Amino acid sequence: MVRENGTSIRAGNGKVLTRLGDIVLIDDPFVPDGGTIFERVGNMTRYIQKFLQDNP
Numbered sequence: 004m005v006r007e008n009g010t011s012i013r014a015g016n017g018k019v020l021t022r023l024g025d026i027v028l029i030d031d032p033f034v035p036d037g038g039t040i041f042e043r044v045g046n047m048t049r050y051i052q053k054f055l056q057d058n059p
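The numbering used here numbers the first residue of the sequence shown as 4 and each following residue consecutively.
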């Protein structure tokens with residue numbers, strides 16, 4: 004899954020991280036409703052912070 008106008012990667016656990024401006028979307032294909040979580044930049048795990056550094 005890749006969202007329009009975003010930079011996406013698939014994590015080892017199957018989740019897809021997409022950066023859209025100052026928001027990171029986390030899509031979990033193993034959750035019945037898709038599991039999209041909206042996270043504001045600044046309140047994230049190291050993994051997401053590394054993703055943002057690699058994809059400015």
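It should be emphasised that the hints constitute simulated quantities derived from the structure, not laboratory data.
Be aware that a few hints might be false.
Below 20 Å or equal to it, Euclidean Cα-Cα: the simulated DMTMM-like pairs (lysine to aspartate or glutamate) are [claimed, not checked]: (1) Lys53 - Asp30; (2) Lys53 - Asp31; (3) Lys18 - Asp57; (4) Lys18 - Asp30; (5) Lys18 - Asp36; (6) Lys53 - Asp36; (7) Lys18 - Asp31.
Quantities reported herein were computed from a predicted structural model and do not represent experimental measurements.
Discussion item. Taking the earlier hints as the rules, which of them does this structure contradict?
Written reply: Result: hint 6 breaks, nothing else.
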